[in-house]
Amino acid sequence: MATRTPPETAADRPPGPASGRAGRPPAPEKARRGRKSATAGTGRMAALLVSPTLLVLTVVVLYPTIMALRESLYGTKGLDPKTGFISDTEPFVGLQNYTDIFGEAGERFWNAFWNTTFFTVVTVGLETVIGVAMALIMHKAFSGRALIRASILIPWAVPTAISGLLWRWIFNSDGIANALIGHQILWTTEGFHAKVAVIIAEVWKTAPFIGLLVLAGLQVIPREVYEAARMDGASPLRQFWHITLPLVKPALLVAVLFRCLDALRMFDLPYLLVGAQKSSVETLSMLAQNEASNVRFGPAAAYAVALFVYVLLIALGFVRLLGADVVGDAGGPGRKKRRWASKRNRVEVPA
Amino acid sequence: MLVAAGLVLTACGSSDDSSSSGASKSPSFSGRGPITFAAAKDSSGVVQKVIDGWNKQHPKEKVTFVQLPSDVNQQRQQMIQNAETKSDAYTVLSLDAVWTSEFAAHQWIDQLPAAQFPLDKMLKPVVETTKYRDHLYAVPQSSDGGMLYYRSDLLKKAGVSAAPTTWAEMQAACAKVEKLPEAKGMSCYAGQFQKYEGLTVNFSEAVNSAGGVVTDAGGKPDVDTPAAKKGLDFLVDSFKDGTIPKEAITYQEEEGRQAFQSGKLIFLRNWPYVYSLAEKSKVAGKFTVAPLPGLTGAGSSTLGGHNVALSSFAKNKATALDFIKYFTNHDSATTFLKEGSAAPPYADLYDDQALAKQYPYLPVLKKSILNAVPRPRVVQYGDVSSAIQQEAYAALNGDKSSTQALKDLQEALQKLSAQ
Chain Y
1 MATRTPPETA ADRPPGPASG RAGRPPAPEK ARRGRKSATA GTGRMAALLV SPTLLVLTVV
61 VLYPTIMALR ESLYGTKGLD PKTGFISDTE PFVGLQNYTD IFGEAGERFW NAFWNTTFFT
121 VVTVGLETVI GVAMALIMHK AFSGRALIRA SILIPWAVPT AISGLLWRWI FNSDGIANAL
181 IGHQILWTTE GFHAKVAVII AEVWKTAPFI GLLVLAGLQV IPREVYEAAR MDGASPLRQF
241 WHITLPLVKP ALLVAVLFRC LDALRMFDLP YLLVGAQKSS VETLSMLAQN EASNVRFGPA
301 AAYAVALFVY VLLIALGFVR LLGADVVGDA GGPGRKKRRW ASKRNRVEVP A
Chain G
1001 MLVAAGLVLT ACGSSDDSSS SGASKSPSFS GRGPITFAAA KDSSGVVQKV IDGWNKQHPK
1061 EKVTFVQLPS DVNQQRQQMI QNAETKSDAY TVLSLDAVWT SEFAAHQWID QLPAAQFPLD
1121 KMLKPVVETT KYRDHLYAVP QSSDGGMLYY RSDLLKKAGV SAAPTTWAEM QAACAKVEKL
1181 PEAKGMSCYA GQFQKYEGLT VNFSEAVNSA GGVVTDAGGK PDVDTPAAKK GLDFLVDSFK
1241 DGTIPKEAIT YQEEEGRQAF QSGKLIFLRN WPYVYSLAEK SKVAGKFTVA PLPGLTGAGS
1301 STLGGHNVAL SSFAKNKATA LDFIKYFTNH DSATTFLKEG SAAPPYADLY DDQALAKQYP
1361 YLPVLKKSIL NAVPRPRVVQ YGDVSSAIQQ EAYAALNGDK SSTQALKDLQ EALQKLSAQ
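Line by line, the protein sequences give chains Y and G. Reading the first sequence from the start, the letters are residues 1 to 351 in my numbering. Reading the second sequence from the start, the letters are residues 1001 to 1419 in my numbering.
Worth flagging that the hints you see were computed from the coordinates, not collected in a lab.
Here are the simulated lysine-lysine pairs, BS3-like style, with alpha carbons at most 30 Å apart:
hint: 1; chain 1: G; residue 1: K1086; chain 2: Y; residue 2: K77
hint: 2; chain 1: G; residue 1: K1407; chain 2: G; residue 2: K1220
hint: 3; chain 1: G; residue 1: K1400; chain 2: Y; residue 2: K195
hint: 4; chain 1: Y; residue 1: K82; chain 2: G; residue 2: K1124
hint: 5; chain 1: G; residue 1: K1280; chain 2: G; residue 2: K1367
hint: 6; chain 1: G; residue 1: K1315; chain 2: Y; residue 2: K82
hint: 7; chain 1: Y; residue 1: K77; chain 2: G; residue 2: K1407
hint: 8; chain 1: G; residue 1: K1315; chain 2: Y; residue 2: K77
hint: 9; chain 1: G; residue 1: K1264; chain 2: Y; residue 2: K195
hint: 10; chain 1: Y; residue 1: K82; chain 2: G; residue 2: K1086
hint: 11; chain 1: G; residue 1: K1220; chain 2: Y; residue 2: K77
hint: 12; chain 1: G; residue 1: K1246; chain 2: Y; residue 2: K195
hint: 13; chain 1: G; residue 1: K1131; chain 2: Y; residue 2: K77
If you're wondering where the values come from, they're calculated on a predicted model, not measured in any experiment.
Isolated chain Y, as found in the complex (with noise of 0.2 Å):
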């Protein structure tokens, strides 16, 4: 496969004859050209072309979660003792439902918490070692690449829900996983190893989404870069140190932040694989489920919240203290910035 040189590796090398060839450096030129000719006109086109898009997206996404918001500010319905019928209207209880959380009724929130948290740590940790390696192995050239390439991908493709079920019957009481080891271990039932049971499964699911994006990573890292380094007698290891993970950085960074943000929403593989209510696998999205399904849509709001915000700060904290490059711009955060201010301008002063 012939290697191709990366965009940003073309710009930071000095300008020749090449570099203004393609890829960045004209561009700016276009969207300054695009600029100067935009009018009044162009500007309420683009709102127009716009608002279709913002409009799904406020139906899709503003409305769910500004009901969610308002959900969890009600309390749950009561019963009437004499009539024997609930009443038809859910009492406001302000912040209640979140105080709640820190009262007596939060050891279960907090069990759950703890136990996102843990399995997100956990799992993405392995998944991340785990999935390097896969790409490097894919990388790597030898006969039969393909084959290994596409058996790595398997467990990716295979639905949760399904593989839920298949982990299900390797742990069953005579599965396979007891016959393996030797030694019945219930891993079914509550416990420290019901957790080992669902990281196991979940590690071998998504290790290679790790895998796959890394391996995308290394594919546009220059071949010369490795070969220079061979000249000055940098060791394999000093290679992958210094050359391989600098590099492959961005595209790390983003798969980790993906893995993180879908582990805190973990919810089939341990409902399927364990069983719902069982406090050593529940997490945020099983309790605030459980909670829906009993009728309590107020705690079952507010639980949904409380994951809503624990995830956007996790987002955040990858973004601003770690750069996770999560929209494609090689560009600072200023930078990201000042252009989706300008964007904004055009698009609301003349309408």
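Knowing the structure of chain Y, use the given hints to seat chain G on it.
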């Protein structure tokens, strides 16, 4: 997709507060026209067949079958979603017997005119599951009761002639059978002990079979009693002494059935559906059924089954009422028994000689249902069941003593019934 779109639309529609309570206390059952019937996915096709029969006679009042997921929790969730959005997508609902109170208390289903249904011809415990505060809210469609499956061949060989009626007799029979060379590696008994609804069923059966109750006739929890402790202790001790194999703590219906079919169990508590499947397995002809054993005599099963109810938010309720009558009549029940092997609510069908020949378990099942105790009939059944599972599981696991578990359960149930 259409249903989903309908849900979204009605969700938007109901957000303005002008819509008043959909459930009136004296429903009028007016309007004729097409309706829908929402029930679990029907693998045998018999539900569609019965509906087709109606559609042929009533071309202007066609019934469309809305198939819900086969998972019970998902069925309930979809029906609640339908009710919460006051959607008229589902007209007639097929409810699990334990949901009646919850659906009635939320006014998601209409009260039905009891005089218009042949309830006196049905088994009494089954009819009881359709009532909430003495008013009829659903009509029985099918029933279900637990039975004791056992290896009659091994019992005969070991010289045990009759099926055990008490737990002690069962254990004595096991002791004899286990001495046989064929019974090497077999365990005595199993039920459903994984932490899910099945555990609620098995725990309640143990308690009821020892003369205890989970909730008394008035619906008040009364589980911290010596009788209930004897029931729970039977399960706990059986796990300890190996009467129940320790992997049975992970068993749901299917795992238990497979263990029985592969010859690992002498006795198994399970539902009637197992009979026809086991007939096609390795143990075919080597097993039979008996009523569940108890502490001092015959035990009591927990009652299962499905009832048909009318959604409060539906249109064309006059048609719906007629359809419910048709769907739950004697002929339909016979069809469900013959083609879907569903236990009928009608008493006389169990005594039919021709049917008993075809379904040898029917007389045992009738006894099981007549002796059956419904699960707690409470509005917050989901929470009650969770509490039972929580404490029973802790006791079976050895995390708690049975005394402590029952004490905690009583406390939890009291808190729930106070709300």
